[in-house]
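> Throw the hints in and build the complete structure from the sequences for me.
Each chain, letter by letter, is given below.
2 protein chains.
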Amino acid sequence: MNRTLLFLVATLFCGHLMAQTPIELNWTLEYETDSDPGKLKQAEAHVPGAVQLDIAKAEGYSHYYYAENWKDYLWMEDHEFEYVGRFIKPSMQNGDLLVFRSLGIDYEFEITFNGTKLLQQEGMFTPVRLDLTSLLKVQNEIRIKIYPIPKKHPLPADRSQASASVKPAVSYGWDWHPRLVPSGIWDDTWIELIPETHMKEVRLNYSLSEDMDEAFVKAEALGNNLSGCKMAWILSDAKGNMVDMGFMRAYNDRGVLYTKISNPELWWPHDHGDPYLYTYSIELTDPSGKFLQTMEGKIGFRKVKLIMNEGAWSEPAGFPKTRSVAPIQLEINGRKIFCKGSNWVNPEIFPGIINDDRYEELLDRATEANFNMLRVWGGGIVNKESFYKMCDEKGILVWQEFPLACNNYEDSPEYLEILKQEAESIISRVREHPSLAMWSGGNELFNSWSGMTDQSLAIRMLNSLCLELDPNTPFISTSPLMGMGHGHYVFRDQESGEEVYSTMSGAHNTAYTEFGIPSPSSVEILEAIIPEKEMWPPREGTSWESHHAYNAWVGETWLMPDMIEEYFGRTASLEELVERGQLLQCEGYKAIYEEARRQKPYCSMALNWCFNEPWPTAANNSIINWPDFPKPAFYAVQRACRPVLASARNFKLVWKKEEQFSTQIWMLNDLYQKIEQGVLTATLVAGKKKVDLGTWEFGALEANTNMEGPVLKAQLPRWKADRFTLQLEVEGHPEYNSDYTFLLSGE
Amino acid sequence: MNRTLLFLVATLFCGHLMAQTPIELNWTLEYETDSDPGKLKQAEAHVPGAVQLDIAKAEGYSHYYYAENWKDYLWMEDHEFEYVGRFIKPSMQNGDLLVFRSLGIDYEFEITFNGTKLLQQEGMFTPVRLDLTSLLKVQNEIRIKIYPIPKKHPLPADRSQASASVKPAVSYGWDWHPRLVPSGIWDDTWIELIPETHMKEVRLNYSLSEDMDEAFVKAEALGNNLSGCKMAWILSDAKGNMVDMGFMRAYNDRGVLYTKISNPELWWPHDHGDPYLYTYSIELTDPSGKFLQTMEGKIGFRKVKLIMNEGAWSEPAGFPKTRSVAPIQLEINGRKIFCKGSNWVNPEIFPGIINDDRYEELLDRATEANFNMLRVWGGGIVNKESFYKMCDEKGILVWQEFPLACNNYEDSPEYLEILKQEAESIISRVREHPSLAMWSGGNELFNSWSGMTDQSLAIRMLNSLCLELDPNTPFISTSPLMGMGHGHYVFRDQESGEEVYSTMSGAHNTAYTEFGIPSPSSVEILEAIIPEKEMWPPREGTSWESHHAYNAWVGETWLMPDMIEEYFGRTASLEELVERGQLLQCEGYKAIYEEARRQKPYCSMALNWCFNEPWPTAANNSIINWPDFPKPAFYAVQRACRPVLASARNFKLVWKKEEQFSTQIWMLNDLYQKIEQGVLTATLVAGKKKVDLGTWEFGALEANTNMEGPVLKAQLPRWKADRFTLQLEVEGHPEYNSDYTFLLSGE
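Chain order of the listed sequences is U and X. Each residue of the first sequence is one higher than the last, beginning at 1 in the working numbering. Each residue of the second sequence is one higher than the last, beginning at 1 in the working numbering.
It is worth saying that the hints were derived from the structure and are not from the lab. One or more hints might be untrue.
Copies of the same chain look alike in the list, so a pair counts if it fits in one copy or across any two.
As the list claims (entries may be wrong) - With a cut-off of at most 25 Å between alpha-carbon atoms, the simulated DSS-like pairs for lysine-lysine come out as follows:
1. K41 with K57
2. K713 with K152
3. K336 with K674
4. K321 with K652
5. K260 with K218
6. K713 with K260
7. K689 with K652
8. K305 with K218
9. K305 with K152
10. K137 with K57
11. K117 with K89
12. K298 with K394
Small disclaimer: the values here were computed from a predicted structure and weren't measured.
This is the structure we're talking about:
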């Protein structure tokens, strides 16, 4: 029996109640197994967690990430489970309420308290708040029945089963995610004792004046029995100095205050300034002057827009003329931001076990990689609250998608009703965060494999709800929109043979919001997930395939062993396979990020597919292995995303001895400051041997402006090496230096 | 003094009250002129009409369409005017209400009754309903002060002045519309005596079952004091036979009834079936059984969707991959409709003088032209109610735009508030009509000359309002959307010299929703608008230019005299200029309509710019001259839009003697029925001389399917003629025959 001590500390949204005596709540999970039908079993329940994990532990399953163990969990999809929570009635005063609260239960469920059914709900993103007071006994029992996972149809057993629900589609199987569908209580859940007079939620709105020198704030605290109480509002700056105070006008169910903050410090993404946060607190005292409660939270002031990409209005030319592209240039506080970042996917298959530490270590990686934006991809969950708080604090912009991805979510009234409920819950929560840069209806919905269009009522509804509830934050229907690009996802196109270098330099997109280069995972990870007897050589139909090395997307994705052999010759060992595949990933990602940056200002974003992964894959496009092991590509991307760097537009990977090598050199500057003139030297290096390519005396770079340099050429020697490096060195600025690796072929 | 007899016959929306005694209302207009400031003058007021017309008549102005007389009206823009309406109190019974109603007052105004200010309103599309009862005297006076026309800024004096209001932008000056901005009472306006117990408005909603064999109808009659009354619902078919009846559930302010119609006849556009309309009536009797009132109206059942164009899901190919195009294939009752039609503009500069006859004659022209769709362009007004009723009856699909065009309508709260009010009024009225095929935010908003984007709050709001108030009708943000094309607007591009033939055969758009070929107006019209001394030769800076012959759009639009001389040689007379320009318009329009049809099914629409015109132009893209004179191009378009025809894809206008002529022949079929196999013969003809091009034995054409035929070639003789004709003849089906005219050059 797992004892979860649940305190009266609600961290929901943006405030907390004062800590009081904990109420002890013991959770058990009741289930039947497929193999033993009719026999009711009990397991210790971890809350938050997942029924699958509780059962796996009780039944002694091996870890789902090893070999093909994930298949053991499949039977659970169509079962019902029941959480049973028991607690002793605490001592209560007249008017006190005892309230059950959960921030998320996945996916459809009903809640019974002491035998009385209180709620049936579909949807994991709408929090639950149930007043238990009138049904209380000395010994109390709350039961949460979890329904089988939603499936639009029994077959095919793929992501399309999720297309009539707001259940994230990824767990129904994706090219980097096994078929393993979680359910159960996945976010903080507790019982709280609340005095009759209390605040329960704070809502903040603000608008910034045109020149951002004034913030008009509306603060609203919702609660009960507040008439006659004093509700003091205090706003403090980041150093703790009070910058504003006042008293709310108290009505019975809420207090309201309008105030103006002069010359507010603005919130910025970390690479453009401080992610400045103010702290507010609202102190509630009763009419007699007795202190009752404080609610606290953070507020950051920023203006966010999507404006037309530079140069895009002049397209299209000629007649018949279609429309110009959709704007995707992000502007924060009036400044155009080139967004560098990645696509964030669930860091665990079971979102119930994602904790603050996991968010923190991954978000620290994001800033370490010089990323200023994460796209929270629509195939996965909307994250727990601490994710957004940390993005606020760390200055990471969040592109938040609704949970729709690669499916045709149809116009049925039943689906639209649930989507509306879930979207309202999501918007009301996430809109409070200054890190929120934009909403998106979901992933790739306007492409053939999804089949939705601008006419789909779900998209029109999401647009409408965002306009109503969060009008100052941009909304896009999906990614990609007209002008934006997704892909490519391989180093070399498997049909045309075209490499990433020319694919990208031939592309003309306003934003590259998905692109990937796969690599094998490190040897250590492979050894942890693939049984020794299957390890070498990798083969289809084994744990390699279960872990996405084969038949994941198209062709030999994501391991690409044939392509690796074509480039490097026969692969002799696992270590060699991994090293070669990872080299391609490093070079490919550098080529794409830097080319996207060279296409600034027409291009305004570069977000690779993908940042992290939910379990240890054998091969994937991610730059961080589960749970938090950076691949070599992580560091290559980190360098490609430095604010200022020397960059080369390269043409291909393999060069012949004595061939004329050529490259075009650039200086890239994403800072809003001028970079002084300098001297860039380009050298080809193989071991200790060098070929001087030339130097470029570049002029000063204006703020947020690149500079195109010359094409440099030199004949390659008959080096014995099979690889060589292009090194770019900036005199006096080693922090701008860059290098690129190439293969040297015999003839 | 103009006496308007205003009866208690409200034709608003979809019903009428029973006729009662008329209330006589006399209207006068009070004004000052610029030339005589401080002196209050009075004019007879025509209601509905325009203050400009009343003043012009009183002041003895010449007609605004002659020469440059329109300039005389400019001073009125910045003046206030006041309508004064007087009436004697009618005899009234206890509980009776006397109500002032107006369906439209243009643009900002305030209404005072017997000295009491009752309303200030901005917006010409929101009807006015004011209860005058409590302020009634024996002699009564209603005053309507008309504010100066809205201008966002004093300069530039162009359409951008309309960008902060919901005033149609066209009258601020367009390339075919003079600067002449109307204001005043523009739609039906009256006073009605209403008994205490009455119905005032009927709202109908329905949904069709998946296979359209059942219509679920909700009928709602709003009114007053209805509790206890009987409200009988009767639905009759087109022959007058009753098909449904029942009694509404009567509440105080409304009666409601839900009913199901089995196997309803569906409403179709005229070229695909009957535009079938049912008649409903609601009879109100008081609790004692005394008959009080009947409201009647029409209802048509149809399902309308925008679905993806055939073949468009397979685009784009390759990576990086952007989204697929926006869907613009209209589907009515499950059938894909190729939309042939035109852009409808205001048929008068002063919408107040548009009457039912004008709508009827122009809408009859539309069906005569084989058009099934009119795009009510966003630069103009939303039409009066009779327009939509006639479209319902005649089976013409209506693409309705909101009044936004070629401007950047900004995100200011003031503008958005008025737009919301006006859009709600527009949607609530027009949604009742089965002819309504789609809503559009406005014209060319996502192009550089407008500068709006998907992020513009006005567009997001319109999408949201349409979703809320009319969810079953498609909404598009603007035209063109991605994949759709606007233009070209000339026979031959003035820079590249490319002719319409190759522009169109090289285009690949899902819909051509604007394209134009200009021509001079007929000699009779030119003589009516251009003073004799300016007539020949046409020159810039004269009435020719005021009437859009020069400097209207770019280059020598719309008269194109230089281009005409380049094609035909020196122009010797007005008659010759007109004949030659009109020939180009005929051939150009045939080329575009037929090429768009040949591109079916990927292409789904062909709507030319434009159908009609608001005053007599000297040259324009329209195919009908004001008020209702078809140009020769009207008949060319009529032939190009026949449901079935032989068609030629031609390559150029001018051929040399002895040159090898070539053309590709096709059979086009938009009918949902099979066309039998046949024999098509192609012949080149100059006077009595002929060259046989060959025959094509074409197979049977499936429903709604074209057939591509061979390219036919023959050497042109050394004919003496300077023109020749390609004649396509289908054996036994002269109704399919087509012909095309070409020029023959010396060498």
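> Take the hints in turn and mark each one as holding or not.
Do the hints match the structure? See the list:
no.	hint	result
1	K41 with K57	within (13 Å within a copy, 94 Å between copies)
2	K713 with K152	neither (59 Å within a copy, 58 Å between copies)
3	K336 with K674	within (15 Å within a copy, 58 Å between copies)
4	K321 with K652	between (36 Å within a copy, 22 Å between copies)
5	K260 with K218	within (9 Å within a copy, 49 Å between copies)
6	K713 with K260	neither (61 Å within a copy, 79 Å between copies)
7	K689 with K652	within (21 Å within a copy, 64 Å between copies)
8	K305 with K218	within (21 Å within a copy, 42 Å between copies)
9	K305 with K152	between (37 Å within a copy, 24 Å between copies)
10	K137 with K57	neither (32 Å within a copy, 87 Å between copies)
11	K117 with K89	within (19 Å within a copy, 64 Å between copies)
12	K298 with K394	within (13 Å within a copy, 62 Å between copies)
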